[in-house]
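2 protein chains.
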Amino acid sequence: MTRKQLVEQIHLKESFLCVGLDSDINRIPKHLLSTADPIFEFNKAIIDATKDHCIAYKPNIAFYESLGSKGWDSLGKTIDYIPNTHFTIADAKRGDIGNTSRQYAKTFFETFAFDSITVAPYMGIDSVSPFLEYDDKWVILLALTSNKGSNDFQHHGNEPLFETVIKRSQDWGSPSNLMYVIGATHPESFVRIRELAPDHFYLVPGVGAQGGSVSAVCNYGTNKDIGLLINSSRGIIFSSEGQDFAEAAAESAKQLHFQMKEQF
Amino acid sequence: MTRKQLVEQIHLKESFLCVGLDSDINRIPKHLLSTADPIFEFNKAIIDATKDHCIAYKPNIAFYESLGSKGWDSLGKTIDYIPNTHFTIADAKRGDIGNTSRQYAKTFFETFAFDSITVAPYMGIDSVSPFLEYDDKWVILLALTSNKGSNDFQHHGNEPLFETVIKRSQDWGSPSNLMYVIGATHPESFVRIRELAPDHFYLVPGVGAQGGSVSAVCNYGTNKDIGLLINSSRGIIFSSEGQDFAEAAAESAKQLHFQMKEQF
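Sequence order for the protein chains is L and D. So for the first sequence, the working numbering puts the first residue at 1; every next one is plus one. So for the second sequence, the working numbering puts the first residue at 1; every next one is plus one.
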């Protein structure tokens, strides 16, 4: 998906919500477990229920991988089922030497037709650039993450490491194929980060279960194209454990969508 | 596998060679492509041919993942086939928030019974600690990698980032469940790193195709338990493209084994 198409979808829906498909086999409603592919049945119902409120889906690859080859089948069916109006993110946090990152790019951009993948920056340019060689595909690079451990290394140095990551990586990609992960748990940091990368989109996790707020992120983080994809995973998909899980997920997505409409 | 068992195997064989199973479907001998599972057939022959020369195997997960669910089947058969005398490394470079790293740990320590996994440190303590909760399983944390991009961020700060990673992570694990990735392309750095982590094992990639040398690494990097697992992937497994690929791999492994014997 191109940046133009993404921005069009955002304005069409007045939403910049991403639904995280962290579809944990131990947390999906019990009545689905007797179906042939419980994870896919769950995702299908969640997608049907939320697609009018969101513009992106983000399967968290760990939850598929942990089921072995069956999980990868569920992932393939899920990515095929997501409407092509929606931006897709493989939340995989990959990154390795060039010849290996090239294989990861093949996995997520060819074997599975994702629009984007999250990538860890630690190994530098040759771990990131193979993903940027694809037309209309995106890297979403970890910068300042939402978790407790973000304090361990991401602020290292006189110039905090996450700032160096944002500065240097702008030589590798452009605002049309490179986004950054910026956690919602650091809303005050968005001011400085917008100075460093005014035009880029940010994928913002950490709203909901991790404690971040949509309005705080929007106050500091939007740009002329909105420039944010705010993700909620558990806060949407596990809104109910019962037969009504899809309706409950739709309601949670609708509430976030409602908060986002104020930005238009 | 415990540290005691690993050190015993190293002394028994007089080897600290790890064979990297970067089993690229586009590079394995053509005559295997007509078999039901070419990647597993290739790995099986490589394991049979090299097991007397090495003490560890390291499947590079990217090359399995890129084949979708079939690749994960090949990986499962491979890990089951590796003799339990050999230490196994999932070269996966994972790392995410706690609840997600917990899923990755489940994948590689339960769904597949690896002894260890490579982990990227960028996201800090909660991205690493779920892997350390398993008895007799290991984290191999990226510190100073072998690739060109290691210069981008790993030296960031007055105290280079890789040194901070090595120092801080020693509060998270011990020399009995935590190793570091230190590239063979920086042999002079081993002196300083041994001051910081004298007792830990290091997984050393970058010998062979990437240009590092076994003797330079051993000069600076060994400790009283040897303390090194030196990896070679392409330099061993793709020694020949013909019918004789397994014999050629054995010969390449034997040459590295011969260089290692001098350390005993």
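The hints are simulated quantities; they were obtained by calculation from the structure and are not laboratory data. Fair warning: there could be bad hints in the mix.
With a Cα cut of at most 25 Å, we get these calculated DSS-like pairs of lysine-lysine [stated by the list, open to error]:
hint	chain 1	residue 1	chain 2	residue 2
1	D	Lys30	D	Lys77
2	L	Lys70	D	Lys167
3	L	Lys148	D	Lys13
4	L	Lys106	L	Lys148
5	L	Lys30	D	Lys106
6	L	Lys70	D	Lys77
7	D	Lys4	D	Lys30
8	L	Lys77	D	Lys44
9	D	Lys167	D	Lys44
10	D	Lys77	L	Lys106
11	L	Lys13	L	Lys167
12	D	Lys51	D	Lys167
13	L	Lys44	L	Lys148
14	D	Lys30	D	Lys51
15	L	Lys13	L	Lys148
16	D	Lys106	L	Lys148
17	D	Lys70	L	Lys70
18	D	Lys167	D	Lys137
19	L	Lys51	L	Lys13
20	D	Lys30	L	Lys106
21	L	Lys4	L	Lys167
22	L	Lys4	L	Lys30
23	L	Lys167	D	Lys254
24	L	Lys13	L	Lys30
25	L	Lys148	D	Lys254
26	L	Lys77	D	Lys70
27	D	Lys106	L	Lys70
28	L	Lys137	L	Lys4
29	D	Lys137	L	Lys106
30	D	Lys77	D	Lys148
31	D	Lys224	D	Lys44
32	D	Lys44	L	Lys44
33	L	Lys13	L	Lys44
34	D	Lys261	D	Lys106
35	D	Lys254	L	Lys106
36	L	Lys106	L	Lys137
37	L	Lys137	D	Lys77
Restraint status (C-alpha distance of Lys77(L) to Lys44(D) at most 25 Å): It is violated: about 31 Å lies between the C-alpha atoms, which goes past 25 Å.
Given hint Lys4(L) paired with Lys137(L) - CA-CA distance at most 25 Å: holds (13 Å)
Pair hint Lys106(L) and Lys148(L), alpha-carbon separation not exceeding 25 Å: Not OK: Lys106(L) and Lys148(L) at ~32 Å, beyond 25 Å, violated.
Restraint check for Lys13(L) with Lys167(L), where alpha carbons must lie at most 25 Å apart: Since the Cα atoms of Lys13(L) and Lys167(L) sit roughly 32 Å apart, the hinted pair is violated (cutoff 25 Å).
Distance restraint between Lys13(L) and Lys44(L), which requires alpha-carbon spacing of 25 Å or less: holds (20 Å)
Agreement of Lys137(L) and Lys77(D) with the hint, judged by alpha carbon distance not exceeding 25 Å: At roughly 33 Å apart (the allowed maximum being 25 Å), Lys77(D) and Lys137(L) break the hint.
Pair hint Lys70(D) and Lys70(L), alpha-carbon separation not exceeding 25 Å: holds (10 Å)
Pairwise hint evaluation, Lys106(L) against Lys137(D), where the allowed Cα distance is 25 Å at most: violated (30 Å)
Satisfaction of hint between Lys167(D) and Lys51(D), Cα-Cα up to 25 Å: violated (34 Å)
Lys30(D) paired with Lys106(L) [C-alpha distance capped at 25 Å]: Status holds; Cα separation ~21 Å.
Restraint check for Lys30(L) with Lys106(D), where alpha carbons must lie at most 25 Å apart: Roughly 21 Å between the alpha carbons, so the hint for Lys30(L) and Lys106(D) holds.
Agreement of Lys30(D) and Lys51(D) with the hint, judged by alpha carbon distance not exceeding 25 Å: Distance of about 23 Å is within 25 Å: holds.
Hints 2, 3, 4, 7, 8, 9, 11, 12, 13, 15, 22, 23, 24, 25, 29, 30, 31, 32, 34, 35, 37, counting from the list given before, are not met by this structure.
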